[in-house]
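Given chain A's structure and the hints, the job is docking chains B, C and D onto it.
4 protein chains.
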Amino acid sequence: MKNYAVAVIGTGRIGKVHIETLQRLRQVHLKGVSDPYVDPVWAKQLGIEQIETDHMALLTNPEIDAVFICSPSSFHAQQIVEAARAGKHIFCEKPIALEPDVIRNCLAEVEKHGVKLQIGFNRRFDPNFRRVRDVVASGQIGVPHLLQITSRDPSPPTLDYVKNSGGLFLDMTIHDFDMARFLIGSEVTEVYATGSALINPEIQRYQDVDTAVITLTFENGTIGVINNSRQAVYGYDQRVEVLGPKGNIAAENKTPTQTILSTQTGVIHDNPLNFFLERYQEAYLAEAEAFFEYLETGGPSPASGKDGLKPVLIGLAAGQSLRENRPVSISY
Amino acid sequence: MKNYAVAVIGTGRIGKVHIETLQRLRQVHLKGVSDPYVDPVWAKQLGIEQIETDHMALLTNPEIDAVFICSPSSFHAQQIVEAARAGKHIFCEKPIALEPDVIRNCLAEVEKHGVKLQIGFNRRFDPNFRRVRDVVASGQIGVPHLLQITSRDPSPPTLDYVKNSGGLFLDMTIHDFDMARFLIGSEVTEVYATGSALINPEIQRYQDVDTAVITLTFENGTIGVINNSRQAVYGYDQRVEVLGPKGNIAAENKTPTQTILSTQTGVIHDNPLNFFLERYQEAYLAEAEAFFEYLETGGPSPASGKDGLKPVLIGLAAGQSLRENRPVSISY
Amino acid sequence: MKNYAVAVIGTGRIGKVHIETLQRLRQVHLKGVSDPYVDPVWAKQLGIEQIETDHMALLTNPEIDAVFICSPSSFHAQQIVEAARAGKHIFCEKPIALEPDVIRNCLAEVEKHGVKLQIGFNRRFDPNFRRVRDVVASGQIGVPHLLQITSRDPSPPTLDYVKNSGGLFLDMTIHDFDMARFLIGSEVTEVYATGSALINPEIQRYQDVDTAVITLTFENGTIGVINNSRQAVYGYDQRVEVLGPKGNIAAENKTPTQTILSTQTGVIHDNPLNFFLERYQEAYLAEAEAFFEYLETGGPSPASGKDGLKPVLIGLAAGQSLRENRPVSISY
Amino acid sequence: MKNYAVAVIGTGRIGKVHIETLQRLRQVHLKGVSDPYVDPVWAKQLGIEQIETDHMALLTNPEIDAVFICSPSSFHAQQIVEAARAGKHIFCEKPIALEPDVIRNCLAEVEKHGVKLQIGFNRRFDPNFRRVRDVVASGQIGVPHLLQITSRDPSPPTLDYVKNSGGLFLDMTIHDFDMARFLIGSEVTEVYATGSALINPEIQRYQDVDTAVITLTFENGTIGVINNSRQAVYGYDQRVEVLGPKGNIAAENKTPTQTILSTQTGVIHDNPLNFFLERYQEAYLAEAEAFFEYLETGGPSPASGKDGLKPVLIGLAAGQSLRENRPVSISY
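Protein chains in written order, with the working numbering: chain A, 1 to 332; chain B, 1001 to 1332; chain C, 2001 to 2332; chain D, 3001 to 3332.
Next comes chain A alone, as it looks inside the complex (with noise of 0.2 angstroms):
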């Protein structure tokens, strides 16, 4: 594999978590990182060449070959049209918009310059939603007829994030509209969304719900169901089922340890991990290494700029279907 010089755009929590696993990659020399707030003597202890507060000074650098775009969500759609005429390779965290019109704009400007762009999905890389991926592909359980993802957080953000988080479903369920696509394989036509202010009325306010089931129609024939909450007080409780006419694969939850406690008020399991950085740490590693490969390689990206749009698609759907309270068709 050759050898790619990267730049960093953003290096607040998601950026560092990007940093730290670009440091991993042999064939990957981190060059750049660029931050409004960026802290220059941390980022020169990581032996980091370029440091700005500008990332439009490391896009015109002709040494860096790919970004990662991890600054907030807003400047996503604007920065890949930047990295896309500056003839970069992209990385970007998810979501590229909340508006469909402007992503398919940002596609566009991809496509036009004929960079190669993949969008952070990162459970995608995880190696149990992966196994039950290749599992239902490789036709084991045959055509799947229902599809069940428990998706649930710790604990429920502050109000001030929700304000500006875009609603549950774009914001929290849209990781589990890529998932049901990623598993499947098939598009979601259909979406039927209920949902409630149970943890926290405060944010019905904002016209938001923390606890949902959202029912989705493939165009496969398979029916699928997620249930969101945003408080599973037991740790971030992440698992998936398919259902074939040939058997059912399952992902559990998983634990920091597989120690059992028997005492006499129970047998006792750990908790899921708790943070959605333990429980992914594998697939963030697994995603970049992925984006290389496909760089190097070609082929279909791992997690493309359509795969970037249609989650946001099922989730306006999704948001429209609650308001409304009847199912809403999606059209792609």
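There could be a bad hint or two in this list.
Some chain C residues near chain A, calculated using beta-carbon distances under 10 angstroms [stated by the list, open to error]: (1) Ala2005; (2) Ala2232; (3) Thr2255; (4) Gln2264; (5) Asn2271.
Hints were generated in silico from the structure; no laboratory data involved.
Bear in mind that the values here come from a model prediction, so they are computed numbers and not experimental data.
Backbone N, C-alpha and C fix where the C-beta goes; we use that ideal spot for every residue, glycine too.
For chains B, C and D alone, coordinates are given in the frame of chain A:
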């Protein structure tokens, strides 16, 4: 506990289950059975004194305290009325009838004659589901946010059976509707059902489905979801899960043994018990015990006439929801 | 199957278990019971015709086909001899006796009078252990290399009980010695035992231990190891595991339910069933069924007189090993 | 934490594991490697400055703070002495040597030169075993009564390897002896070993066994038992269990995923991770981190020279026990 003389109406499969159970109860004297096709040799061997082809002969026997109605469903309502008029306490298999008004008239007769009535929702007496209900009712996990029921048969019924079954929702999901009410302790106010004939397309001829997802809204705010399949090749799959603000309580499947075979090809656990009679063996015994305790001590019926009516109302609403592809409200 | 008239000698705890079981068997007529302290009111309520304080009155009743000997252990050998002489088939609780020669004389009488004998090694009829045995016997995992038995009581017996128990190896481990022979299908040729009084040091007064590890060498080369404790506060812990060249077959504990409670403090499964009567409820029924099938069809006893003798020989060798701190050979 | 310049002696399989791990540690500068057969191209690509065929060239470099000794076992003792004399801190793979006096002399040199020493008992740093140790050390389950270690390799080594391995107890069980001391926090005073060549009878030629059960007596009264097999076809089987008066703490195997495939033939979970490098990947990282924390903060070594000596003494006693078929006392 006093002794009860009991007669069983209908000696088909489920009648035989109850006969076997009744013979294990010390305070019960199984005095009579009736069935148009009764096998008198078999019945005599069991030590049963009164063997009839017409159930009315049992109802007019003044020595009989209570009857178990195990005839085909279409006879239930009429026989309940007859038994009530004869002053017999009644255990009746589900469903009472498929038409709400028939059920209501039937319950009015039961009330008028002051006899006791318990409907055969056997799953309420399963130790697993009972524990889930107890944990929920105790407040340990708080007021429920989410209910999930996975209810799948090992293999689909014949087309002949389907034709007269009343459809998936009234034949199979009706148990899950009862379970939903039992676990959450609140009424279902709205239902949205989606379903498809994925296992055997021919059942579409009877306007029926074999795979379904049904979303329930409860009076107390809980959101519920049931997934049904007529064919889980790995066994009878009967799981429930309730999430509340303080935790999650789940019931997994029962297996014939707790053995684990580890070979090069995997770590193999037992399939779930494959048949409802095995799965709910303990439940049938506990159900009968509960009936005689109810006769003895009074109090509310462990599965009352209203409990028999409401799942039918939910099932009918689910059918309407499926046909019209929209959520349907339920009024009681 | 023909009908058998049966009498039960001894109506203490284990006698009552068998009485309840016998009443569930269709081909069995429980005709008589005897006990110096028998409660005639209770026995009459069960419909038992012949109620005696002296078991000889049962043995001289020509209508009785078989007896269940459930008296205190010290009476077993004598009563087996008496029953054999009376021409009755015999089910006898373990142990026959604690002295090999007494057992041998007893078995000679049984043979002489041509009656059938089954010893109450109930665990052989537990669905879990039976499955392990069947997997081993089928050759699926090959000739066993390693056997592990974990056998722990929920709480220690009283000192009074310990005093007359014959010691841990003859009182508790004897079941595990039988299980070892049953699972491996080969004889134990050498035993090394180590043990200590860790739960209650006072039992040292009776030269007994409450915690032990016993290594077994089998004729076929398998190496076995048993670990015993008189106190597993989390419940009755009964697990076995057999490793062979082609795999490992293990039996885990049985629990009252399959529910899982997930809270902030952990993911809590049920404790194992706490008491041997609950744990082996199915086994007692299967054991009695096997006895009557054996009467009916002949063939080898499901738990023969020799099967009753050999664990005593292993237990005595284990006791010697513990006292002399060296491995002890066993000859049969 | 200060920065450490480190060199690795030996670039075989385990050397490469440590090299990869060291490169992930921010405070570590991997400055040099040595190996008679070192691949300089590979080493240069890793950015390593000093590449030697003779480790003495590393030991004389004053810039190097610490060495990782990853050479064949027969060189360990001599290289520890050389490194100690050169004033380097030492991480050394197990075993130090197979002769107690060689180890003792070696440790005396380490002490004389005041360098720090950590032995590569990587399993101490596995999150599962660490949790078991922590639960035991916390007193949650009380003073241990019983320890069980199941330790089985996926497949046997070659005869060539066996010939020079020092035998099962010094090659494989040595890890379990260390684990036993680590978990119980008390010394082993007596050992009884039984074993056999059941997988490959040819290893008898080298007086070795491939299947064994080893009973341990601890100073604090705990009774321990280890079962070993060179061949668990279902994967690398590494489980431990500690019973105390207040409960039982167990560590089960780690699996690649938490997926479950349910088909007509069973409910199939993943095999355990198949290879020690996968199973203990996290442990190797934690082990290296612990080494540098130990350099930084002092205190007792996480796996001291004495910890390296004692399992050898237990292993030698186990060998003697097997040969003489009697329990053997150990004095330290």
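Now the hints, each set against the structure:
1. Ala2005: Violated - the Cβ of Ala2005 of chain C stays beyond 10 angstroms from chain A, reaching only about 45 angstroms at its closest.
2. Ala2232: holds (8 angstroms)
3. Thr2255: holds (8 angstroms)
4. Gln2264: holds (5 angstroms)
5. Asn2271: holds (6 angstroms)
The structure is inconsistent with hint 1 alone, although it conforms to all the rest.
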